[in-house]
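So the chains spell out like this:
Protein chains: 2
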Amino acid sequence: MQFLKLFPETHRNLDCLKAASIYVVISKEYAMAGKKVLIVYAHQEPKSMNGSLKNVAVDVFQKQGCSVDISDLYSMNFIAAATRNDITGELCNPQHFRYGAETMEAFKKGVLCEEIIKEQKKVQEADLVIFQFPLYWFSFPAIMKGWIDRVFVQGFAFDFPSIYYNGLLKEKLAILSFTTGGTEEMFSKNGVSGDIRYLLWPMQHGIMHFCGFKVLAPQISYAPEYTGDKERKDMLLSWAKRLETIWEEQPIECTPPWYFQ
Amino acid sequence: MQFLKLFPETHRNLDCLKAASIYVVISKEYAMAGKKVLIVYAHQEPKSMNGSLKNVAVDVFQKQGCSVDISDLYSMNFIAAATRNDITGELCNPQHFRYGAETMEAFKKGVLCEEIIKEQKKVQEADLVIFQFPLYWFSFPAIMKGWIDRVFVQGFAFDFPSIYYNGLLKEKLAILSFTTGGTEEMFSKNGVSGDIRYLLWPMQHGIMHFCGFKVLAPQISYAPEYTGDKERKDMLLSWAKRLETIWEEQPIECTPPWYFQ
Chain G
1 MQFLKLFPET
11 HRNLDCLKAA
21 SIYVVISKEY
31 AMAGKKVLIV
41 YAHQEPKSMN
51 GSLKNVAVDV
61 FQKQGCSVDI
71 SDLYSMNFIA
81 AATRNDITGE
91 LCNPQHFRYG
101 AETMEAFKKG
111 VLCEEIIKEQ
121 KKVQEADLVI
131 FQFPLYWFSF
141 PAIMKGWIDR
151 VFVQGFAFDF
161 PSIYYNGLLK
171 EKLAILSFTT
181 GGTEEMFSKN
191 GVSGDIRYLL
201 WPMQHGIMHF
211 CGFKVLAPQI
221 SYAPEYTGDK
231 ERKDMLLSWA
241 KRLETIWEEQ
251 PIECTPPWYF
261 Q
Chain S
1 MQFLKLFPET
11 HRNLDCLKAA
21 SIYVVISKEY
31 AMAGKKVLIV
41 YAHQEPKSMN
51 GSLKNVAVDV
61 FQKQGCSVDI
71 SDLYSMNFIA
81 AATRNDITGE
91 LCNPQHFRYG
101 AETMEAFKKG
111 VLCEEIIKEQ
121 KKVQEADLVI
131 FQFPLYWFSF
141 PAIMKGWIDR
151 VFVQGFAFDF
161 PSIYYNGLLK
171 EKLAILSFTT
181 GGTEEMFSKN
191 GVSGDIRYLL
201 WPMQHGIMHF
211 CGFKVLAPQI
221 SYAPEYTGDK
231 ERKDMLLSWA
241 KRLETIWEEQ
251 PIECTPPWYF
261 Q
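Taken in order, these protein sequences are the chains called G and S. So for the first sequence, the UniProt record's numbering puts the first residue at 1; every next one is plus one. So for the second sequence, the UniProt record's numbering puts the first residue at 1; every next one is plus one.
Please note that the accuracy of each hint is not assured.
No copy labels: a pair is met if it fits in one copy or bridges any two.
As the list claims (entries may be wrong) - Subject to a maximum C-alpha distance of 27 Å in a straight line, what follows is the list of computed DSS-like cross-link-like pairs (lysine-lysine): (1) K214 / K189; (2) K47 / K108; (3) K47 / K63.
These are computed hints drawn from the structure, not numbers from a lab. All figures in this text were calculated on a predicted structure; none of them were measured in a lab.
Could you put together the complete structure from these sequences and hints?
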């Protein structure tokens with residue numbers, strides 16, 4: 001056993017059960033240490049709940065010995081619109097611009113713009129990508145949708161037939177962590193806004209799962225602006241607690257029944 | 001009867017049935033003429049299928065005597081990100097920026113930025129708003145999501161409890177007209193991407209219906225890039241044909257069964 005080689009003294013001084021449990025803990029730490037996390041973060045205000053949720057994640061992961069990279073989209077003035085400027089140099093067909101076809105070719109030739117290349121490198125290196133954002137209109141804020149539209153280029157994130165379970169990012173985990181304006185009751189099956197899972201379909205299935213990501217259950221912080229300090233603190237604690245064992249989580253079964261039944 | 005006063009000669013020379021049918025046609029034209037349409041359009045290439053679908057709509061509506069306004073988002077370099085710049089003058093709470101609260105106040109005081117005010121005026125005047133776009137990642141392209149994030153401000157498009165059937169835009173019609181990358185089969189109940197209606201929920205229910213719009217059935221042009229000229233022409237013709245009687249259409253029943261059953 002690896003453990004015996006590493007800690008022979010410890011082993012001699014403990015009974016088997018204790019040794020085993022320490023071994024598990026150490027194994028976990030070894031497994032976590034060195035993991036890479038990318039947080040794609042979209043909030044204008046560092047003091048916001050989203051800012052705090054992002055900070056909590058950075059703290060927990062750093063304590064685990066993971067490296068954490070952050071794409072702070074508003075601070076970066078990240079461009080949301082998908083335009084010709086995303087391709088440096090000549091277009092394949094300047095007479096009829098097709099964004100998808102042109103960015104796919106540009107990716108192959110290595111002539112995407114610097115901003116996209118940089119984000120793709122961060123994704124490529126990450127074991128886990130966390131999207132931290134306030135829900136805007138049942139979806140991502142536009143600045144984060146723009147990050148997805150521009151970074152997940154064909155050839156990089158997917159190709160044909162490399163989609164869904166064969167998506168090019170299939171070795172990675174993804175998780176949506178977001179705050180809502182509406183309450184949990186509004187986002188229930190009989191609430192005015194319907195089951196929250198309904199709106200997760202395009203984001204989790206149509207984007208994450210499409211690119212191959214293994215999707216972890218979302219972290220939803222309901223209506224922080226309408227609750228008290230205690231509740232907000234609890235939301236942060238519950239996120240911190242969950243992140244301590246996030247590497248052991250099983251991804252969700254990303255098929256229609258999870259969303260609509 | 002109004003008709004008799006307008007066309008006494010015609011009436012004397014025709015039988016009752018003919019008179020009635022002409023009356024219906026004329027009534028329709030009177031009903032359509034003067035209607036106002038806003039097309040929010042997001043494509044980089046004028047020669048694209050989306051560009052053609054937009055042009056077809058302009059033609060048909062102008063023939064009907066409607067006025068048509070277009071927000072051509074890429075040409076306008078429309079800003080997608082929701083930032084402090086959307087509020088001119090002083091913030092209510094510059095120490096802790098909350099986009100929703102600040103834009104609501106700014107709307108009331110009339111100090112939203114010029115770009116937003118202009119778009120809100122177009123929406124206010126419109127009887128029908130058409131969103132014309134290529135589906136990007138099961139949703140709007142970011143530039144169009146940004147238009148929604150920034151234009152549909154609380155106080156303008158909705159308020160509490162003025163949401164859904166009481167939304168502030170409840171006298172208006174909305175329709176999504178979009179092209180897809182995937183085929184109709186991929187977007188079927190047993191296809192890899194699931195029923196197309198699943199992904200319409202956040203856009204139609206969470207945005208349009210939330211603001212009170214009466215939602216017309218979407219116009220979906222499947223995979224124009226992978227079909228022949230004949231099929232693309234048919235898509236344009238079918239859109240043109242539908243628009244001829246669009247003012248008579250009944251809105252969809254925007255509740256979960258429409259989407260998920």
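Now for the hints, and whether the structure bears them out:
1. K214 / K189: Both: 25 Å inside a copy, 22 Å across copies.
2. K47 / K108: between (40 Å within a copy, 25 Å between copies)
3. K47 / K63: Result: close within a single copy only, 22 Å intra versus 54 Å inter.
Violated hints for the displayed structure: none, as all numbered hints are satisfied.
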